[in-house]
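Colleague: What follows is each chain in one-letter form.
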Amino acid sequence: MKNENINHNQDYKYGFTTDIESIKAPKGLSEKTIRFISKIKKEPKWMLDWRLKAFNRLKFLKEPDWQKPKFPKIDYQDLYYYSAPKGMTDKPKNLNEVDPKLIETYNKLGIPLNEQKKLSGVAVDAVFDSVSVATTFKDELTKKGIIFCPISEAIQKHSDLVKKYLGSVIPISDHYFATLNSAVFTDGSFVYIPPNTRCPMELSTYFRINASETGQFERTLIIADKGSYVSYLEGCTAPMRDENQLHAANVELIALDDAEIKYSTVQNWYPGDKNGVGGIYNFVTKRGACRGKNSKISWTQVETGSAITWKYPSCILQGDNSIGEFYSIAITNNHQKADTGTKMIHLGKNTKSKIISKGISAGKADNTYRGLVDIGRKALNSRNYTQCDSLLMGNKCGAHTVPYIKNKNSSSTIEHEATTSKINEEQLFYCNQRGLDQEEAVSLIVNGFCKDVLQQLPMEFAVEAQKLVGISLEGSVG
Amino acid sequence: MLEIKNLTASINNRDILKGLNISIKPGELHAIMGPNGSGKSTLANVLSGKNGYKISGEIRYEGKDLKEMSVDKRAQKGIFLAFQYPIEIPGVNTNNFLKTSLNKVRKARGEKEIDTMSFLKLLKEKSSELGIDEKMMSRQLNLGFSGGEKKKNEILQMKILKPNFVILDETDSGLDIDALKIVANGVNSYRDKKKSFLVITHYQRLLDYIKPDFVHVLSDGKIVKSGCMELAEELEKKGYNKIK
Chain R
1 MKNENINHNQ
11 DYKYGFTTDI
21 ESIKAPKGLS
31 EKTIRFISKI
41 KKEPKWMLDW
51 RLKAFNRLKF
61 LKEPDWQKPK
71 FPKIDYQDLY
81 YYSAPKGMTD
91 KPKNLNEVDP
101 KLIETYNKLG
111 IPLNEQKKLS
121 GVAVDAVFDS
131 VSVATTFKDE
141 LTKKGIIFCP
151 ISEAIQKHSD
161 LVKKYLGSVI
171 PISDHYFATL
181 NSAVFTDGSF
191 VYIPPNTRCP
201 MELSTYFRIN
211 ASETGQFERT
221 LIIADKGSYV
231 SYLEGCTAPM
241 RDENQLHAAN
251 VELIALDDAE
261 IKYSTVQNWY
271 PGDKNGVGGI
281 YNFVTKRGAC
291 RGKNSKISWT
301 QVETGSAITW
311 KYPSCILQGD
321 NSIGEFYSIA
331 ITNNHQKADT
341 GTKMIHLGKN
351 TKSKIISKGI
361 SAGKADNTYR
371 GLVDIGRKAL
381 NSRNYTQCDS
391 LLMGNKCGAH
401 TVPYIKNKNS
411 SSTIEHEATT
421 SKINEEQLFY
431 CNQRGLDQEE
441 AVSLIVNGFC
451 KDVLQQLPME
461 FAVEAQKLVG
471 ISLEGSVG
Chain C
1 MLEIKNLTAS
11 INNRDILKGL
21 NISIKPGELH
31 AIMGPNGSGK
41 STLANVLSGK
51 NGYKISGEIR
61 YEGKDLKEMS
71 VDKRAQKGIF
81 LAFQYPIEIP
91 GVNTNNFLKT
101 SLNKVRKARG
111 EKEIDTMSFL
121 KLLKEKSSEL
131 GIDEKMMSRQ
141 LNLGFSGGEK
151 KKNEILQMKI
161 LKPNFVILDE
171 TDSGLDIDAL
181 KIVANGVNSY
191 RDKKKSFLVI
201 THYQRLLDYI
211 KPDFVHVLSD
221 GKIVKSGCME
231 LAEELEKKGY
241 NKIK
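Line by line, the protein sequences give chains R and C.
Taking this note's numbering, the leading residue of the first sequence gets 1, the next gets one more, and so forth.
Taking this note's numbering, the leading residue of the second sequence gets 1, the next gets one more, and so forth.
Rather than coming from a laboratory, the hints here were simulated on the basis of the structure.
Hints are not guaranteed to be accurate.
Said to hold, decoys possible - Below are the DSS-like pairs computed for lysine-lysine, each with C-alpha atoms no more than 30 angstroms apart in a straight line:
id	chain 1	residue 1	chain 2	residue 2
1	C	K126	C	K181
2	R	K274	R	K163
3	R	K396	C	K54
4	R	K53	R	K163
5	R	K467	C	K162
6	C	K121	C	K193
7	C	K77	C	K238
8	R	K364	C	K50
9	R	K364	R	K352
10	C	K73	R	K422
11	R	K451	C	K54
12	C	K54	C	K181
13	R	K364	C	K54
14	C	K126	R	K422
15	C	K107	R	K451
16	R	K24	R	K73
17	C	K135	R	K467
18	C	K112	R	K451
19	R	K451	C	K50
20	C	K18	C	K73
21	C	K73	C	K112
22	R	K70	R	K422
Claimed, not checked - Simulated restraints on C-beta separations:
id	chain 1	residue 1	chain 2	residue 2	range
23	R	K62	C	S10	27 to 37 angstroms
24	R	N107	C	S10	15 to 25 angstroms
25	C	P90	R	V402	19 to 29 angstroms
In this text, a Cβ means the ideal position worked out from N, Cα and C, and glycines have one as well.
Generate coordinates for the entire structure from the input sequences, incorporating the hints supplied.
Modeller: Take a look at the structure:
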């Protein structure tokens, strides 16, 4: 294998910008900005108070610095915290009122919003910068009592639910970025599945950052009431820009008795160019609470984009017999950095968790798995199984595994397996000898390596994810 | 079909092939025999284009210079190597691998992609000829296959990809007598006037089932003797040391 990378331009096909006039909050982070956001979203007073409480708390917090990827100081006063296409201040009632430029943007991204063309079996909420543009299949879901809408709409219309659950998994005063999000979050999705209801289709949110110098702070809240089931998928892209843009989202999941939430992410934010200029800082807090007995939360993530990815989708296993799962593929190429993993906090009896992590590192990239398994004193007969595999391509990249394991009772078991390997020259030769070119061979081998995780994705997205795995590694083997 | 003139190959400054000449015409089956370390597998690797070798001399395949051609292009042009140690690729379904491979080769030949139904039919037909359990095809590529299964899988791939020039690199090693017969029958049924073979082996055993047109003895990077089947028999009796 030649170790230097081919210097051909990596093709990020979502790198275009939509030229659209937008309304922005005054630049910088201040009480004024927060009041602006709250006002433009027509929020009730309790919501504004909640935001201000977070903002006051933020003044005493510092950015965490224990993670492996370091980043230059972010000037929080030099960012816009709200940006929305003009005419979106009031959410349009139907697609005819939506600016055709936006519809076209989503068409280009492969997410048609039109009634005729919309993805079958998948309801989509499309978030553009700080606002939700459109939500499909709303009527069909409403018939079953399912609420799937932008969180800004839920704050107005389903105030009780939001008030009850918002911040109940990620407290207002969590770490710096989560608190920042609580103060300035703009939009995101809200999902409520009523008791004993199986959501008949995949719910999906597609996040798009368009405006420059703008941070995206989305907030997602999903509640699966007793005995319900929902599968939710988020996708993300952003234009190619030389500046680094901040994306600090909070996602909270709550599963009550016998409920199950399956949350899948295909993250393809702009990763920066091959010299490491530009790209998204993806600092995300995702946490799920298995609050009820026999509940289950399963995270699946395919992380291929962003300059820096820093996230640990976690499960708090409170209910007895509850189950937490984390399936992850993190691919880093060129100068990308990822520090990702999960936290499994076992509190209830007979709780189970499973962690399957596949890290692939190429170019000069750095990939860290960091995970916590914490089995509490009362979490008797609990189990965890962790498997972390790393694959290295070339000899300028890094892979690290940092597991933290705590077991506070004697009836529980924890298993941890980890492997690190280099992409095998003989495997590539074998594939080449059967007519596959170098990139097809890499894609095939890496997809094989990731199979255990890919098969967790909903069918509609698995094929796309497989392609993405191949594309992300283009040019990584000479 | 294949014309090799004064071929030398070295790896990490170690000379392995030291001026090798061989000419293979369509329809011919040539056997290369030789002791360990004589350069047999290097020859197979160099012909299929594996990276890492420094090469001089001439290799012409169907009139074209092979040296500049990448491994996958050679494969697409009909050069097939049955590996001595078929490689395991975890997570990759044998079935899908073979279909992907076939479609690459078909595309290069200007044929259209095969659809799944036709492929499965073809696969069923060819695997039953080789006594391969169909279940094997839905397992991960070569993973946990027995030695015999791996070698049969190589022959199956040959029959499906339909190459013009086949290199068998010690395909007989590690096979019991039943598996050896199946593999040999697989090769024999694929022989015709247009296809050529280079069979690399240590032992005469395989050649009892696959009758070669020519036998060459490779020693220290050169062909030191060529002949017919009798040469193989002589080797088996006297050992390599006596033939120099």
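Colleague: So, for every hint listed, does it hold in this structure?
Modeller: Okay, the hints, checked on the actual structure:
1. C/K126 / C/K181: This hinted pair holds, its Cα atoms lying about 16 angstroms apart.
2. R/K274 / R/K163: Given pair R/K274, R/K163 is violated - Cα atoms ~44 angstroms apart, limit 30 angstroms.
3. R/K396 / C/K54: holds, 26 angstroms
4. R/K53 / R/K163: holds, 14 angstroms
5. R/K467 / C/K162: holds, 28 angstroms
6. C/K121 / C/K193: Holds. C/K121 to C/K193 sits at ~26 angstroms (cutoff 30 angstroms).
7. C/K77 / C/K238: Measuring from Cα to Cα gives roughly 39 angstroms; hence the hint is violated.
8. R/K364 / C/K50: holds, 26 angstroms
9. R/K364 / R/K352: Cα-Cα ~36 angstroms, so violated.
10. C/K73 / R/K422: Distance ~25 angstroms between C/K73 and R/K422 Cα, so the pair holds.
11. R/K451 / C/K54: violated, 37 angstroms
12. C/K54 / C/K181: violated, 37 angstroms
13. R/K364 / C/K54: holds, 29 angstroms
14. C/K126 / R/K422: violated, 35 angstroms
15. C/K107 / R/K451: holds, 27 angstroms
16. R/K24 / R/K73: Distance of about 23 angstroms is within 30 angstroms: holds.
17. C/K135 / R/K467: holds, 27 angstroms
18. C/K112 / R/K451: holds, 28 angstroms
19. R/K451 / C/K50: Given that 30 angstroms is the threshold and the Cα spacing comes to 28 angstroms, the pair holds.
20. C/K18 / C/K73: Holds. C/K18 to C/K73 sits at ~26 angstroms (cutoff 30 angstroms).
21. C/K73 / C/K112: Satisfied, since the Cα-Cα distance of roughly 18 angstroms is no more than 30 angstroms.
22. R/K70 / R/K422: holds, 25 angstroms
23. R/K62 / C/S10: 27 to 37 angstroms: The hinted range 27 to 37 angstroms is violated for R/K62 and C/S10, with Cβ atoms some 60 angstroms apart.
24. R/N107 / C/S10: 15 to 25 angstroms: Taking Cβ atoms as reference, R/N107 and C/S10 lie about 56 angstroms apart, which means the hint is violated.
25. C/P90 / R/V402: 19 to 29 angstroms: holds, 25 angstroms
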